[in-house]
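Colleague: Residues per chain are reported as follows:
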Amino acid sequence: MTNSSLRKWAWVHKWSSLVSTIFLLMLCITGLPLIFHHEIDDLLHDSAHPAEVAPGTQPVSLDQVLQNVRERYPGKVVQFLSWDDENPGVLFLSINDSVSADPMTNQFARFDANTGNFLDEPDFNGRFTMIMYRLHTDMYAGLPGKLFLGLMGLFFVAAIVSGIVIYGPFMRKLKFGAIRVNRTRAVRWLDWHNFLGIVVIAWTLVVGATGVVNTWADLVVKVWQFTQLSEMLGPGRDRPVPTKLASVEDAMQLARSKLPDMEPQTVAFPGTIFAGRAHYVIFFKGNTPLTSRLLKPVVIDGETGAFTDMQDMPWFVTTLLISKPLHFGDYGGMTLKVIWAILDVITIIILVTGLYLWIARRRVPAEQPPELVLPSVERSHA
Amino acid sequence: MLRKPIWQRTYILPTLVAVVSGVGLIFALLGDGIWDALSWLAVGLPVAIAAWVWWQATSIRAKAR
Chain A
1 MTNSSLRKWA WVHKWSSLVS TIFLLMLCIT GLPLIFHHEI DDLLHDSAHP AEVAPGTQPV
61 SLDQVLQNVR ERYPGKVVQF LSWDDENPGV LFLSINDSVS ADPMTNQFAR FDANTGNFLD
121 EPDFNGRFTM IMYRLHTDMY AGLPGKLFLG LMGLFFVAAI VSGIVIYGPF MRKLKFGAIR
181 VNRTRAVRWL DWHNFLGIVV IAWTLVVGAT GVVNTWADLV VKVWQFTQLS EMLGPGRDRP
241 VPTKLASVED AMQLARSKLP DMEPQTVAFP GTIFAGRAHY VIFFKGNTPL TSRLLKPVVI
301 DGETGAFTDM QDMPWFVTTL LISKPLHFGD YGGMTLKVIW AILDVITIII LVTGLYLWIA
361 RRRVPAEQPP ELVLPSVERS HA
Chain B
1 MLRKPIWQRT YILPTLVAVV SGVGLIFALL GDGIWDALSW LAVGLPVAIA AWVWWQATSI
61 RAKAR
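First to last, the protein sequences are chains A and B. By the count of this note's numbering, the first sequence reaches residue 382 at its end, each step adding exactly one. By the count of this note's numbering, the second sequence reaches residue 65 at its end, each step adding exactly one.
No lab work stands behind these hints: they were computed from the structure. Computed from a predicted structure; not experimentally measured. Treat each hint with caution, since some may be false.
[Said to hold, decoys possible] The calculated lysine-lysine pairs, modelled on DSSO-like cross-linking and capped at a C-alpha distance of 27 Å, are:
#1 Lys-285(A) <-> Lys-337(A)
#2 Lys-63(B) <-> Lys-173(A)
#3 Lys-63(B) <-> Lys-175(A)
#4 Lys-76(A) <-> Lys-244(A)
[To be verified] Covered stretches of chain A, going by a simulated chain B footprint (3 or more residues, C-beta under 8 Å):
#5 185 to 199
#6 334 to 340
Note that CB positions come from ideal geometry on N, CA and C, so glycine has one too.
If we strip away everything but chain A, and leave its shape as in the complex, we get (with noise of 0.2 Å):
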C-alpha cells in the first residue's frame, strides 16, 4: 500500500465513521435492551397463561377458535392467526375492521390453543421494549427510516472495512492486543480502539450487514408478492375475496399433510397482505434452529379448501429470514445473549473511543501525539 493509498481509506474510515457514529450509537444503546425484549416484557407485563394439558391433547380446532373471536369481537375480521413460538399452546391473532386494513393498525388478541378460550389482548404500543424497538428500527420515521438506519449500516461496514485496511499501519511496530498503558489518554485510546475494533470485526460486519438487510423487509416483501406469491395464486388471482370462507382447521390439516416434517407457523386469511384475495396462504417453518427461520408458504383456496400450490421460498427471502436470528443472536439460548450484549458495550467503547480520537487530532500539529498522525507505509518496507 502508498502513503496515498493509505491516506484514502483513512478518509473513508474517518468519514463514513462520522457521518454515521451518533445513529450507531442509538442503535447500539437501543438495541442492548432488545436482546432480552422477552425477559424484560415477562417481567414487566403479567400475561395469562395457558390451561395445563396432558401432552399428546389433540389441540381445538381453528375453526373453533375462530367462533370463539367472532363472538368476543363482534364485526371484526382475522388478519393472520399464528403459533407463538415463544409460548407452546398459544396462538395469537391479529384483527381488524377489514381483511385489507393497513396491518401496522391490527389489534392483537391471545387464545389457547388447546381450549379455545380467549387469554389476553397484549397492548405493545406503550411497552419499554417497543419504543426502543421503533427507536432501533425506524425512529418513528416508518419506510423511510428504516431505510435511512440501512445507509447508516452501510457507512458503518465501510467503516468497519477502511478500519481493517488501516489497521496494519497503525499497528505494524506494535502486537496484537498492545496497550501503551503508560502514554497519554490519546494514546491508550488509540490502542484500545484498533484492539477491540480489530479483535471484534466478525461480529460487528455480521451484526452491521444483517441489519442492513433487515431495513430492507418491506421492499423484500413487496418483491415476494409481485413474483411468487402472484405465480402461486396463479389465474385465480383476482377472484373476489369470497363471501364464505372454507375452514381454515380443514385448510391447515391439508397443508400439513403437504408437509409432515414441519410444523405450521402463520395462516394469512385470504384478502390480507401475505395471502390471495381468494386464497389462504399458510407458513411452515422446518423443526431445527436453522430451518425454523425458514418458511415454506402453501396456497390454499379459501372458497374451496382446494390445495393450490406451495413452493421453497426465493433466494432473497430467505437471505431476510436468515438474517434476523444472526441480528437479534436469539438463536443459541441466554449464553449467547449475554455474549451479544458483551460485544454490543464492546461496539459502544469502539464508537466512543473513535469519536474521541477524531477530537484529539483536530488539535493543532504540535500538541498532537506523533501516534495519532498517519503513520508512512513505505519507509517500513525499507
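Guided by the hints, dock chain B onto chain A, whose structure is given.
Modeller: For chain B alone, kept in the frame of chain A given last:
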C-alpha cells in the same frame, strides 16, 4: 533485509479470531446442545481476549504506580 509482508505479521492473529468467531455465529444455527456450546466458545473468544488484554493492561498500570 526485507521484512515479511505486512499481513503475515499484523493481520494473522486478528484473521484467526475473525474466522473462529465468524464460524461460531453459524454453529448455533446448525443445532442445539453441543452446537450451542461450540458457538458460545467461538463467539465468546473475542470477549475472552478482550478481558485478558484489559486485565493485563490494568495490572501493568497498577505496578507502574
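Colleague: Among all the numbered hints in the text so far, which are the ones the structure does not match?
Modeller: none
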